[in-house]
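Engineer: Chain residues, written in single-letter form:
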Amino acid sequence: MKTSKGWFSIFVGPILFAFIVVVIIPMFMGVYYSFTSWNGINNNATWVGLKNYVEIFTEDKEFLDVFLFTAKFAIVSVISINLIGFLLALLVTKGLKVSNFLRSAFFLPNLIGGLILGFIWQFIFTKGFDAVGAKLGIEFLRGWLADTQTGFWGLVILMSWQMSGYMMVIYIAALQNIPDSLLEAAEIDGAGSFEKLIHITIPLVAPAFTIGLFLTLSNSFKLYDQNLSLTGGGPYNSTQMLAMNIYNTAFKFNDFGLAQAKAVIFLITVAAISITQIYYSKKKEVEM
Amino acid sequence: MKNKNKLSLWIISILSGLLFLSPFYIVLTNSFKTQKGIFTDVMGLPKDFFTTNNYVEAFIALDFVKSFTNSLLITVGSSLIIIVLSAMAAWMLVRTKTKLSSFLFLVFAAAMLIPFQSVMLPLINIMGKVGLLNPGGLMFMYLGFGSSLSIILYHGFIKGIPKELEEAATIDGCNKLQVFFYIIFPLLKPITVTVSILNVMWIWNDFLLPQLVINDPKWHTIPLKMFYFFGQFSKRWDLALAGLVIAMIPIILFYFVAQKHIIKGVTQGSIK
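Sequence order for the protein chains is A and B. Per the numbering used here, residue 204 is the first one in the first sequence, and the count goes up by one each step. Per the numbering used here, residue 6 is the first one in the second sequence, and the count goes up by one each step.
Since the hints were derived computationally from the structure, they do not count as laboratory data. Hints are supplied without guarantee of correctness; some may be wrong.
To be verified - Pairs of lysine-lysine residues, derived as PhoX-like cross-links and limited to a Cα-Cα distance of at most 20 Å, are as follows: (1) K275/A to K399/A; (2) K297/A to K102/B; (3) K425/A to K275/A; (4) K11/B to K338/A; (5) K11/B to K300/A; (6) K9/B to K297/A; (7) K208/A to K104/B; (8) K487/A to K264/A; (9) K330/A to K41/B; (10) K104/B to K300/A; (11) K208/A to K102/B; (12) K300/A to K194/B; (13) K399/A to K240/B; (14) K104/B to K194/B; (15) K330/A to K11/B; (16) K330/A to K240/B; (17) K264/A to K254/A.
To be verified - Derived contacts from chain A toward chain B, CB cut-off under 7 Å, selection only: (18) V225; (19) A274; (20) G298; (21) V301.
Virtual Cβ for every residue (Gly too), placed ideally from N, Cα, C.
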């Protein structure tokens, strides 16, 4: 006869072991390494105190640019993804016959890995845009991804194309949960489509906005694959984002200690933003 | 008035659908063109420049059968382990009302906020030391990273299952493992479908972790192979595009087979 403690370890033990080895221990070790001059190869991780952190904010000018670029990207793409996702959800819940087909079309990009999506758009921006621009004489379409501006918007377009279908699915579920009686009542009271949208639909889908904002915000901050395959961080590292900067600091410059200090700042940033955002969005939600 | 509205709605729908699908059109049509054809006419259909050679060459260069098998093995293997172990853990966490169980659940949930990049360097260091930089180690790491979301989803579902069945089975002489595998696990089927789909989509497409873990080319997964393939043929868009199409086919087929479940899974997965 096993004790209940014994059964507890049998059921929870294996996955807890993996979780501790893969997530928890590396997290604490990571914080430790961020105060050392670890080079990743041997185990000579000498304690250097706050040196890495000081270096990030004083000598490493690139990090601040990377951070600002990432933040700017996150803000713009969060707005664009959720706005497009919500509009698509409104569009496909209007009961048109093509709705089912459209849902699939909008969701499709989401299935494909970020790396592959980045390569696809690299072709479209550099070859497709260029060809159309040349043919129609639109200078704006030419030379995409060759500078910071087009690289930035390239990433935003790619990310919006990829993720708005996912958000659409979440918003569809939320829209379908709104009782018809509420909308009918508003109609009887003389509300037009726009008024219904502002006063009934949007407040009632607010919980879905919380989730949508959380998912897009953390995904935008953590973006790596798409960044790597679309622009590779170029030209001159000007479209490099946080995740890529950490990778490069470690593996290209073999400065694991510095990279780990950046990773700790990254962790704190992502966690702080997510928690704050969830806290404020939850406060704004309306109970149905 | 109503009809006019409907018409404009219809037009907007079709246009946005076409806009969303146009990247696939461009990639697909150009993948059948020669290199010269791509540079001459990007937007048109292949016509004079038609070739299927790209596909043959890309298929070989990607070592597709091998990389597909590797991806399949790693994805299915990791997903299965995640499913069984996270369901077991979630059930025990729900049914054991102690401080420890609620603390553990909280830690699993909070770990969702940890970005991979903040743990990857020490993780690779540890795994290298114990000799786990191979497919087995990769699956173990997927288990660790997949645990949070899977346990949260199972946890939520199990809370809604009445205890009486389990109690009856216990009285009949089943031990906990028997109760779980004979009674509980079959009841979890709906949420198991969701958990599998979310894990499969994520692991199948993952690039960074395999890149860090898999050094031996014979174990390269599709995204990994695609990355090196691109580096090697960066000037050959004809091959590269055919390669992209080949790499996309499995997951798109999977989508058309499991569409309903995928959409449902995504919805359930996000409402935590």
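Engineer: Next, verify each hint and record whether it holds.
Structural biologist: We went through each hint and held it up to the structure:
| no. | hint | in the structure |
| --- | --- | --- |
| 1 | K275/A to K399/A | 33 Å, violated |
| 2 | K297/A to K102/B | 46 Å, violated |
| 3 | K425/A to K275/A | 13 Å, holds |
| 4 | K11/B to K338/A | 35 Å, violated |
| 5 | K11/B to K300/A | 11 Å, holds |
| 6 | K9/B to K297/A | 14 Å, holds |
| 7 | K208/A to K104/B | 13 Å, holds |
| 8 | K487/A to K264/A | 38 Å, violated |
| 9 | K330/A to K41/B | 13 Å, holds |
| 10 | K104/B to K300/A | 53 Å, violated |
| 11 | K208/A to K102/B | 12 Å, holds |
| 12 | K300/A to K194/B | 32 Å, violated |
| 13 | K399/A to K240/B | 53 Å, violated |
| 14 | K104/B to K194/B | 29 Å, violated |
| 15 | K330/A to K11/B | 37 Å, violated |
| 16 | K330/A to K240/B | 12 Å, holds |
| 17 | K264/A to K254/A | 15 Å, holds |
| 18 | V225 | 3 Å, holds |
| 19 | A274 | 15 Å, violated |
| 20 | G298 | 10 Å, violated |
| 21 | V301 | 6 Å, holds |
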